[in-house]
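K.L.:
The primary structure of each chain is shown beneath.
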Amino acid sequence: MVIRTTVNGVEHEVDVWEGSSLLALLRDELLLAGSKNACEQGECGSCSVWLDGEVVCSCLVPASQADGATVRTVEALSNGGALHAVQDAFLAAGAVQCGFCTPGMVVAAADLLERDPDPSDEAIREALAGNLCRCTGYQKILDAVHAAAGALA
Amino acid sequence: MSVTTPIRGVIGESARRVEGIPKVTGAFAFGSDLHAEGMLWGATVRSPHASARIVSVDVSAAARMDGVAAVLTAADVPGRKTFGLEFCDQPVIAGDVIRFAGEPVAIVAAEHPEQARAAAAAVVVEYEPLPVVSDMEQALAPGAPQVHEFGNVLRHVHIVRGDLEASGAEVWVDGYYETGMQDQAALGPEAGLAVPAADGGIDLHVVTQWLHVDRQQIAPCLDLPEEKVRITLAGVGGAFGSREDIHMQLHACMLALRTGRPVKMSYGREESFHGHVHRHPSRIWIRYGATREGRLVAADVRLLLDGGAYASSSPAVIANASTFAAGPYEVANVRVEGTVVYSNNPPCGAMRGFGAPQVCFAYESAMDELAAALDIDPVELRRLNAVRTGSVLPTGQVLTGPAPAREVLERCAAIPMPDEEPALGRDPIGYPGGAGNVSRGESLRRGVGYALGFKNVAYSEGFDDAAEATITVTPAPDGLAATIRTAAVDYGQGLYTVCAQIVRTELGIDDVTLEPATTMRNESAGSTSASRQSTMTGGAVLMACRELKPLLDGLDAPVSRTCTYHHRATTGLDENGQGDPHVSFSFAAERAVVEVDEELGLVRVVQIAAAQDAGRVINPQGASGQVEGGTAMGIGLALMEEIQLEDGVIRNASFTDYLIPTILDAPPVVTEFVEHPEPDAPYGLKGIGELGTVVATPAVVAALRDALGRPLNRAPVTPDDLVGLRAPATSDGPPPVPDVPGQQAIPEYLGLGLGQQELMKRRDE
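Chains as they are written, first to last, in the working numbering: chain A, 94 to 246; chain B, 440 to 1204.
The hints are simulated quantities; they were obtained by calculation from the structure and are not laboratory data.
Heads up, the beta-carbon is just placed ideally off N, CA and C, and yes, glycines get one too.
Check before you lean on any hint, since a few could be wrong.
To be verified - Stretch by stretch, here's where chain B covers chain A in the computed footprint (C-beta under 8 Å, at least three residues):
no. : stretch
1   : 97 to 108
2   : 145 to 159
3   : 194 to 207
4   : 210 to 221
5   : 229 to 235
What the hints assert, rightly or not - Sample of chain B residues facing chain A (criterion: CB under 7 Å; computed from the structure):
no. : residue
6   : GLY459
7   : PHE467
8   : ALA624
9   : ALA625
10  : GLY627
11  : GLY676
12  : GLY707
13  : ILE868
14  : THR1070
15  : PHE1094
16  : LEU1098
17  : LEU1103
Given only the sequences and the hints, what does the whole structure look like? Please build it.
P.N.:
If you want it as structure tokens, here you go:
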């Protein structure tokens, strides 16, 4: 099955297995390993990417759905070495430990801030409720999203 | 937008994580991200039965499938057929007997991951199901099926001190407590890449906690000398104990050696539940006796842990649990009988807290019972009995270092309580259960609970788990640059950042680089577990820095020092459980404030107040992150996390069915550190990674009891427990103490090949 898709501004034509997910296409075919595979059931958010502007769990999206679509991944967030404000805030706040959830978290947080530039605690919790972190207890992630909102203001 | 700045930060500062930038950009390569040209993908065939005889394995259909390069079974294991962290009792691939559901029976390598999975499904295995030992008390019953030919007792620890009969206790409380089987649920899966080498050896890049003990187990099973098994650390997406044991290492190496091609294996979530050990479920019978004034004088504890099918680190877990079972209290008359059994349940081993959480849940619950029986405030009762420097523990070990048990309790209790909130009219997310709560605040009850706990730092019972590190200083155009080389693993807790902080502090060098951890260039750093690495590898780094410091003036060529840090010597336990088993101890207290919807059985943890004995805080932000994350894991065990077993088969091997706390479940954690330097430890620091987990569970459950007045004695507490649909766990009393030859693990008396103990012995030679 041949998929034509634009990922982080680059057009790709990839021949993938019919049952492939968008996540498998990104990770195993395009070798964009920033989006992580931790549950394969859409429970953990580690694989979050933008598909035509909407954040999705790419493990739940068939690769065929990306045909003709535009995909943006965590790799696109840091532009030429400069970190996105969310990425910098995650580092400054100590919101990163093992880092496995981090790419999905920063995608979800960046998406939230695009929609709501000054979110409340409740809004952040709601927006990140689908992103599991096993290391931090989430407190410093909340701090980081607030700090990023401040930096972007 | 900001630009990355050079990493700075000495000890005492919240230095930024040294590997932080690639972790936020997605460039950091975890084990599951590895890739090699021409690599194959491995998959594992696992038993659906918890106990069975393997009648036949037919790989012929699988081997003929498209893209399949190899299908291997037990007969293909090149060397020793078994491995194990402490004892070699676990087959690399099961040959004759299945002892747990999920045990590997065959392995496959194919061009594409889906081809590998399809081929694994096409391997035909004929099983003859056997009786299942699915319960830890059943394992000890006369006539129970034997999981191993030498019986079902894995280790029994017996500790007696003073005289229970003559304790003078005037008030007794009797309690029975259970904890469930918890999963580490590290987000990063078990994964690695094995690359065959021209010399007939193997280069393995893998997710692990201790490179050298992996090599020690892998080499004999592959029939290779250790120098031909070269292991390099891949990025580790969390571990919490689950990466101490071998997972895919041997299988990927076997497939790579057989096919002559690189082989990657990366478990999915379901396979991950089968592919690593879990926290031991516990049953604990505890009797505390006190004087009417509230002086604890007697503790009688019978404790049972389910070790599952293979030994893993169970012998050390039961020793820890048994030596801590009477609590961080001065109590002169103690008897502890701790047993860990084999069963046909999934193997249990290391998980954050390592035996301490189970007993802390029991002794802290019993302390609350005792406080109620004596009509004394629960915090005051703990304060009255807490150990201090000079106290004698049930093993006879004297607490020589700082033991600020009282202080952590007082500091925790002094943290301001959270504000009361109006019950009605909240944002739905502010109710127990969040937006799913349909009662909207009409039946909320608030409760407060405390827990005090303690745990050892580093390995115990005579182990010399030393750590080696190398520091090199090189003249550079604009000053000096330093590199740190160690085989120690940082799986997210911040060890590498701590090491860099030590180098900056000692040598005044800003430019510090860490080299990848491998078995090729350094001796063992020991395991990243047991709250030990900041002390042990941090200690080795500090020693090397202090040797280098006098050499730096006018340095014109690179200079290196390699140092090995040993903690003080400890001893095993004698026939009465007496000895000096632990290196040092750390203490913590937490107060939980909870809100329960008493009609729906839903819980919201409103706040955790934590005080942690840290010796000396090296990185304040990293340290509070450890307390917060550890606490979330303890809340998980209190409220939601349990592996559900049915005849030994896991019924909830997914994140849909095994729930861990989300950002909606995690409360604010207010943390204070108590800093009294530990003698002989670098900067006086103590490891802090585990205690948040240990104390959070009993604190939360105590708060639930306070809110509802129900006698909750099992963690995790379920909504049914909270609304009274499920009665407390009951017991007819503890099983008899097993007849054993002594304090050692039973496999040791039988001469079953040793694991990590052997590594330590060799180092001594």
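K.L.:
Hints first: check each against the structure and report whether it holds.
P.N.:
Evaluation of the provided hints:
1. 97 to 108: violated (count 0)
2. 145 to 159: violated (count 0)
3. 194 to 207: Three-residue rule met by the stretch 194 to 207 of chain A, so holds; n is 4.
4. 210 to 221: Answer holds; 5 residues pass the 8 Å Cβ test.
5. 229 to 235: holds (count 7)
6. GLY459: Hint holds; GLY459/B Cβ to chain A Cβ min 5 Å, cut 7 Å.
7. PHE467: holds, 6 Å
8. ALA624: holds, 6 Å
9. ALA625: At about 6 Å, which falls below the 7 Å cut-off, the nearest Cβ of chain A leaves the hint on ALA625/B intact, so it holds.
10. GLY627: Holds - the Cβ of GLY627/B comes within 7 Å of chain A, reaching about 4 Å at its closest.
11. GLY676: At about 3 Å, which falls below the 7 Å cut-off, the nearest Cβ of chain A leaves the hint on GLY676/B intact, so it holds.
12. GLY707: holds, 5 Å
13. ILE868: Holds: closest Cβ of chain A sits about 5 Å from ILE868/B, inside 7 Å.
14. THR1070: At about 6 Å, which falls below the 7 Å cut-off, the nearest Cβ of chain A leaves the hint on THR1070/B intact, so it holds.
15. PHE1094: This hint holds: PHE1094/B lies near chain A, its Cβ roughly 4 Å from the closest one there, short of 7 Å.
16. LEU1098: violated, 9 Å
17. LEU1103: With a minimum Cβ separation of about 5 Å from chain A (threshold 7 Å), the hint on LEU1103/B holds.
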